[in-house]
Amino acid sequence: QKEVEQDPGPLSVPEGAIVSLNCTYSNSAFQYFMWYRQYSRKGPELLMYTYSSGNKEDGRFTAQVDKSSKYISLFIRDSQPSDSATYLCAMRGNQFYFGTGTSLTVIP
Amino acid sequence: NAGVTQTPKFQVLKTGQSMTLQCAQDMNHNSMYWYRQDPGMGLRLIYYSASEGTTDKGEVPNGYNVSRLNKREFSLRLESAAPSQTSVYFCASSETSPPLNEQFFGPGTRLTVL
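Heads up: the protein sequence lines correspond to chains A and B, in order.
With the numbering used here, the residue at position 55 of the first sequence is 55, and numbering never jumps.
With the numbering used here, the residue at position 8 of the second sequence is 116, and numbering never jumps.
Please keep in mind that the hints were generated in silico from the structure rather than gathered at the bench.
Since this is a predicted model, take the numbers as computed values, not measurements.
You may find that some hints are simply not true.
Okay, derived cross-link-like pairs now, SDA-like style, lysine to any residue, Cα gap no bigger than 25 Å in a straight line [said to hold, decoys possible]:
(1) A:LYS2 to B:TYR172
(2) A:LYS42 to B:LEU219
(3) B:LYS117 to A:SER103
(4) B:LYS117 to B:GLU167
(5) A:LYS42 to B:LEU222
(6) A:LYS42 to A:PRO14
(7) A:LYS42 to B:GLY161
(8) A:LYS42 to B:TYR172
(9) B:LYS179 to A:GLU45
(10) A:LYS2 to B:THR163
(11) A:LYS2 to B:ASP146
(12) A:LYS2 to B:GLN193
Full structure from sequences and hints, please.
And the structure:
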C-alpha cells in the first residue's frame with residue numbers, strides 16, 4: 001500500500017466553480033500536511049500547510065485535515081484560469097511523501 | 109536570490125552513458141533532496157542529504173549516486189544510464205529544524221535515455 005493516495009484526475013471545471021482535491025494516507029504518525037502547486041514544466045511550490053487536524057484558510061484556498069479518517073482536502077473557491085496546474089499533497093514523516101498529483105484545468 | 113538552480117535543463121543520453129546532474133541552493137539550507145517525477149508515479153525520493161557530509165537512500169536509489177559537495181551543492185550521478193531512468197529530476201532543499209521543513213524545488217532536469 002502506498003503511503004499517500006491521490007486521485008490523478010484530470011479535473012476540468014468552469015471559472016468560478018468550487019474545486020475539491022483530496023488525498024488519503026496510511027501512516028497515522030504523519031503530523032504535517034502540505035499542498036504543493038506545480039505549473040506545467042516547473043518545479044512544485046508550497047501552497048499551504050497544516051499541522052495536525054483542523055482547517056486552515058488562505059484567501060480562496062482552504063486546507064482541511066481529518067486525522068481520524070486519514071484524509072486531507074484542499075478547497076479552491078471562485079476558481080480562476082490561473083489556478084490551472086497540478087496539485088500535489090505531501091506529508092512529513094521521517095521524510096516527505098508525495099501524492100501523484102491531480103491535474104486541474106479551469107475553463108474561462 | 110536564485111533559490112534552487114539545476115543544470116542542465118534538458119539532456120538526452122544513450123544507454124550506458126554517464127552524466128552528473130548539478131544542483132545548488134543559496135538559501136543556506138541544511139537539507140537537500142533529489143526526486144524523480146514520472147507520470148502516474150508522483151515524486152519519488154532518490155537520495156537526500158540531511159546535512160553537509162551525510163547522504164541517505166530514499167525510495168528509488170538503485171542506479172544513482174550522490175555527492176554533497178558542500179552546503180550549497182548536491183549532485184546526482186547516473187553511472188550507466190538506462191531507458192528506465194528517463195524522467196524529470198527535481199532537486200529540493202529545506203531547513204532541518206522544526207516545525208516545518210518546507211521544501212523549495214528547482215526547475216527540473218528533463219532526461220531522456222535512448
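Hints, one by one, checked against the model:
1. Distance hint between LYS2 of chain A and TYR172 of chain B is fulfilled; the C-alpha atoms sit about 23 Å from each other, no more than 25 Å.
2. With a C-alpha separation of about 15 Å, the suggested pairing of LYS42 of chain A with LEU219 of chain B holds against the 25 Å cut-off.
3. Proposed proximity of LYS117 of chain B and SER103 of chain A is supported: the alpha carbons are some 23 Å apart, at most 25 Å.
4. A distance of roughly 24 Å separates the Cα atoms of LYS117 of chain B and GLU167 of chain B; the hinted pair therefore holds under the 25 Å criterion.
5. Among the hinted pairs, LYS42 of chain A with LEU222 of chain B is consistent with the structure: their alpha-carbon atoms are about 24 Å apart, no more than 25 Å.
6. For the hint pairing LYS42 of chain A with PRO14 of chain A, the CA-to-CA distance comes to about 24 Å; that is within 25 Å, so the pair holds.
7. At roughly 29 Å between alpha-carbon atoms, LYS42 of chain A and GLY161 of chain B are farther apart than 25 Å, so this suggested pair is violated.
8. Under the criterion of a C-alpha separation no larger than 25 Å, the hint pairing LYS42 of chain A with TYR172 of chain B is consistent with the structure, at around 23 Å.
9. About 22 Å separates the Cα atoms of LYS179 of chain B and GLU45 of chain A, which keeps this hinted pair within 25 Å; it holds.
10. A hinted pair counts as satisfied when its Cα atoms are at most 25 Å apart, and LYS2 of chain A with THR163 of chain B qualifies at roughly 24 Å.
11. Simply put, LYS2 of chain A and ASP146 of chain B have alpha-carbon atoms about 15 Å apart, close enough for the 25 Å limit, and the pair holds.
12. Pair hint LYS2 of chain A plus GLN193 of chain B holds up; C-alpha atoms about 21 Å apart against a cutoff of 25 Å.
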